[in-house]
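Q: Knowing the structure of chain A, use the given hints to seat chains B, C and D on it.
Protein chains in written order, with the working numbering: chain A, 1 to 294; chain B, 1 to 294; chain C, 1 to 294; chain D, 1 to 294.
A portion of the hints provided could be inaccurate.
The calculated DSSO-like cross-link candidates involving lysine-lysine, where the alpha carbons are at most 27 angstroms apart (straight line), are [stated by the list, open to error]: (1) D:Lys225 - D:Lys198; (2) C:Lys198 - D:Lys251; (3) A:Lys4 - D:Lys4; (4) A:Lys198 - B:Lys198; (5) A:Lys5 - A:Lys43.
Facing chain A, a subset of chain D residues (Cβ under 8 angstroms, in silico) [what the hints assert, rightly or not]: (6) Phe53; (7) Met54; (8) Gln233; (9) Tyr240; (10) Gln242; (11) Phe293.
Here are a few chain A residues that sit away from chain B, every Cβ distance over 12 angstroms (derived from the structure) [to be verified]: (12) Gly14; (13) Ala202; (14) Glu288.
Rather than coming from a laboratory, the hints here were simulated on the basis of the structure.
Idealized CB from N, CA, C, for every residue including glycine.
Here's the letter readout for the chains.
Number of protein chains: 4
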Amino acid sequence: MSAKKKIGVLGASGYTGADAVRLLARHPNAEILALTANTHAGKAMDEVFPHFFMLELPRLTEWEKVDWAPQLQGEAVYGLIEFYREKIAAARLVACPGCYPTAALLALVPIARAKLIDVNDIVIDAKSGVTGAGRGLKQNTLFSEAGEGLSPYSVGTHRHSPEIEQEIGVAAGSAVTVNFTPHLIPMSRGELCTSYAKLNGASADDLRAALAEAYRNEPFVHVAKKGVLPQTQNVRGSNYVQIGVFADRIKNRAIVISVLDNLVKGSAGQAIQNMNLMLGFPETTGLEQIALFP
Amino acid sequence: MSAKKKIGVLGASGYTGADAVRLLARHPNAEILALTANTHAGKAMDEVFPHFFMLELPRLTEWEKVDWAPQLQGEAVYGLIEFYREKIAAARLVACPGCYPTAALLALVPIARAKLIDVNDIVIDAKSGVTGAGRGLKQNTLFSEAGEGLSPYSVGTHRHSPEIEQEIGVAAGSAVTVNFTPHLIPMSRGELCTSYAKLNGASADDLRAALAEAYRNEPFVHVAKKGVLPQTQNVRGSNYVQIGVFADRIKNRAIVISVLDNLVKGSAGQAIQNMNLMLGFPETTGLEQIALFP
Amino acid sequence: MSAKKKIGVLGASGYTGADAVRLLARHPNAEILALTANTHAGKAMDEVFPHFFMLELPRLTEWEKVDWAPQLQGEAVYGLIEFYREKIAAARLVACPGCYPTAALLALVPIARAKLIDVNDIVIDAKSGVTGAGRGLKQNTLFSEAGEGLSPYSVGTHRHSPEIEQEIGVAAGSAVTVNFTPHLIPMSRGELCTSYAKLNGASADDLRAALAEAYRNEPFVHVAKKGVLPQTQNVRGSNYVQIGVFADRIKNRAIVISVLDNLVKGSAGQAIQNMNLMLGFPETTGLEQIALFP
Amino acid sequence: MSAKKKIGVLGASGYTGADAVRLLARHPNAEILALTANTHAGKAMDEVFPHFFMLELPRLTEWEKVDWAPQLQGEAVYGLIEFYREKIAAARLVACPGCYPTAALLALVPIARAKLIDVNDIVIDAKSGVTGAGRGLKQNTLFSEAGEGLSPYSVGTHRHSPEIEQEIGVAAGSAVTVNFTPHLIPMSRGELCTSYAKLNGASADDLRAALAEAYRNEPFVHVAKKGVLPQTQNVRGSNYVQIGVFADRIKNRAIVISVLDNLVKGSAGQAIQNMNLMLGFPETTGLEQIALFP
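For reference, chain A alone in the conformation it holds in the complex:
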């Protein structure tokens, strides 16, 4: 076995930080050496997240006390590993995509690159569990507010839209504007993008075949067989992504549905997959848990 690498988690008191700790604590090649969280500095991790009661972890500390190389930020590589694997392998710093861009881009980039869809007529109706809003105290994420209800938010203005447009633009070779409308769903984890696209002569089956080919060797991205409906339950707590393609009632249109767990493949799991690649471990190391269902 290779020696363990020393790992620090910056921002360990948030949900993404906690999920990174959950995964790294059982990663065979990782040793958690530092956890930072300025407002909780000095506390034990299981005071902040009691579900870590069984672990020996370093106490939380200020981020200033950790040597984490802010001077590298200028050379950060975009961490969507399915499309930037070589750059990431050679990088010293990787900036992971947000959860929404990950879900949307995995569904759309291969078919935009193959010119199968009209990239100027894409509607992405996105739905996210409440952890997507973080652990900060906000009225709209209280149980009694978000439970038993469904709310759109940031309609027409979500900060993730430009990131999605940039990468679809790179794939298509032209500037792109997309509709991206997120909704808050009464569940903790999970994200689903329903993407509506106009076809350039192709069929829904062509799209599915192109996606299947693009992800043929990807360990975590699965294209569902015709007729199988992706649902967030299938990926809860896991690093997997599931994508399905469906013909629309309207001729010459198709629907691409992608699901992931926003805290795993949408953030902490994706970061560890990148870390594995950068450190020379198999990409799947420590990430093969199957979805927790039910």
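A: Showing chains B, C and D alone in chain A's frame:
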């Protein structure tokens, strides 16, 4: 006070039937005389729905024992009261729209009729609570299956699509095909349609103004002020509908969001509103409960 | 019709205040004249609670601007109407019991008073929905923390215990100490107390009969028939209480289960029931809504 | 590495079967060779549980086709590994306890054995998530019935009571009757027992110390420090148990709270822990996942 009318509820063991009973039992002009439910015939209503423990209700009986005029079915009027008020007032039988068509049509008919949108390029992304699937025993509506998760269903094939197309077609004066994609949300009540439309030169503000004008005198349909986001929590358990209009990132496109409670304005409440009109009572009688939030 | 009474709601930005507004806005003899909420003073009520979009309500104001007679506090009467009806009818100020004491005392006072149970050996295992913790921002009431989980809290130390002990003591004619252990349940509304008692020679049937007799004329307290299990779903959104009594496996012990909606009979509804009595209206005025199920 | 053992899962279409597959598929010493489920025989596992889309698994088959030694049933050993480790290590067949007995017995057996509590005066108020009721189609486990509500069930009559009494009786050396009252909680996974006990002169601290000593070397049973409240969120999806002890308001009484995941330590995980012991693997193999929170 006017005398009470004798009312029968056919199908009283389903969720829509139960919500009709909930409302009719406190309706000042209604007296429930018969409840039918073939598989439960002979039972007391509070054996089937224990939340009626405080009511005196007739026992459930077979529908054959109730005189309910099946021969009238041929003359049924489409019961979307906001658009067919005069016909309903004169009708002997009314067929209420489904919950999805109600939510979609209230958002789209006035702006289709006013030619503000391109009716051949409408995407309706619909989300519904689990009661929409009824009380029948199905695996996908078990708590452990539908909870903490989100599933699309009937993608491209939902049975409500033709009903939506028919009425938008009537409004626009031409045949129409729409995209309609429903999703199952982990909540019991509530329905939200996010409708994406291409504009015929109009702005989002124009759409909002047209909707506000169309519903100016409607007691239950409210068009939200600019910037206010409809959410299902605002109408839970009530007969109200809330509609909001938003400009899209993509030029010349807009987003119309409509919410209702599928068991009230989406079925039982709408039926009682029609009943009030047909029997000469004020339309709002027995229907003015405010949403139960939180 | 009698003239409407002018009503002020102090603390209108909390969940209890909102439920009072929900009920008072449809109360035939009430007119809401003032709403106070210091941190939100100046706002429209539907900015604070968007589900009131259909109502015309006064703007929120500071409580100092409302004439609400703090000098009366010394003469406040304990507002458990089922046991203090005469005093409340004559009172100028009523202090309503907490939600937990209401649920526990309605289950236990009549059988303590009748000496059917050993009042020094009562275990009350209480379960509450998350609205019981209020609308204030706390980490443990975030959706992602309270959802899909179950937490005991204030074990052995809950502030409602002395109030419960005081009133059972009054009923029994002796000082009493009870166990009271609350748990936070992943639902918004509802409260259930499972009370375990040692019998003084009586049977579970005797307890049920005593409770049924005590509440024979009460409009909102129903004692369930033998074998019927109370559940919070049966009273959600309503002012009703349901109580069931069960024999224990252990000889000479019984279990009394009581349910209510903490925001209605546990607070706002109970307050309005008291108000009705004090102002000379029928007690049930504006409070007869049936539970919202499902 | 040791060679993989060939494993069959009987009843693979239920929730416990599925969780066994989830864990065994990533167990380094297990190879799943057979999955039985009579009503689904012939299907692929991911038709029955779509979250297994990424696994290669044998098709479901009838149990008659698997050689599983029913003749061993007479010699089955009670599989509560913390108390029967030696017998299990030597056994050919182990019968795992139910989820409720596991949660209750881990909290009570060591303190009953040490004569710290009066075993004839124990009240166990139990709360379970909905998966405890299985995947069969029942009305009361539909999302719209079990959601946003709380129901007691089998009050005084639950089939797990005799199993709990038997083992506490063994520990105490005398016949025992306990109160055991289960409640259905609107969450999928998790079980919490609040056990109320009368003390034989001991203090709550003595109980905590006795439990801590009993489980000092146990990999999965953790006794919480004084003041730390166990909650089901802390063990969701994991094989861990957390136990807390609290002084009661009533002198000479204490409260013991235990939590586990009913599908893991309460069934599939416990079975695999026993399997590891029987086959000579470290007990923790394949079972060290940390709780999925949030």
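Q: Could you run down the list of hints and mark each one as holding or not?
A: Against the structure, the hints:
1. D:Lys225 - D:Lys198: Holds, at roughly 21 angstroms.
2. C:Lys198 - D:Lys251: 17 angstroms, holds
3. A:Lys4 - D:Lys4: 26 angstroms, holds
4. A:Lys198 - B:Lys198: Holds, at roughly 13 angstroms.
5. A:Lys5 - A:Lys43: 24 angstroms, holds
6. Phe53: 6 angstroms, holds
7. Met54: With a closest approach of 6 angstroms, the D:Met54 hint holds.
8. Gln233: Constraint on D:Gln233 satisfied, holds at 6 angstroms.
9. Tyr240: Hint holds; D:Tyr240 Cβ to chain A Cβ min 6 angstroms, cut 8 angstroms.
10. Gln242: At 6 angstroms from the nearest chain A Cβ, D:Gln242 passes the 8 angstroms test, so the hint holds.
11. Phe293: 4 angstroms, holds
12. Gly14: The claim stands: A:Gly14 keeps its Cβ more than 12 angstroms from every Cβ of chain B (closest is about 20 angstroms).
13. Ala202: Non-interface label stands for A:Ala202: nearest chain B Cβ at 16 angstroms, farther than 12 angstroms.
14. Glu288: Consistent with the label, A:Glu288 stays out of reach of chain B, its closest Cβ about 21 angstroms off (over 12 angstroms).
Hint compliance for this structure: every hint is met.
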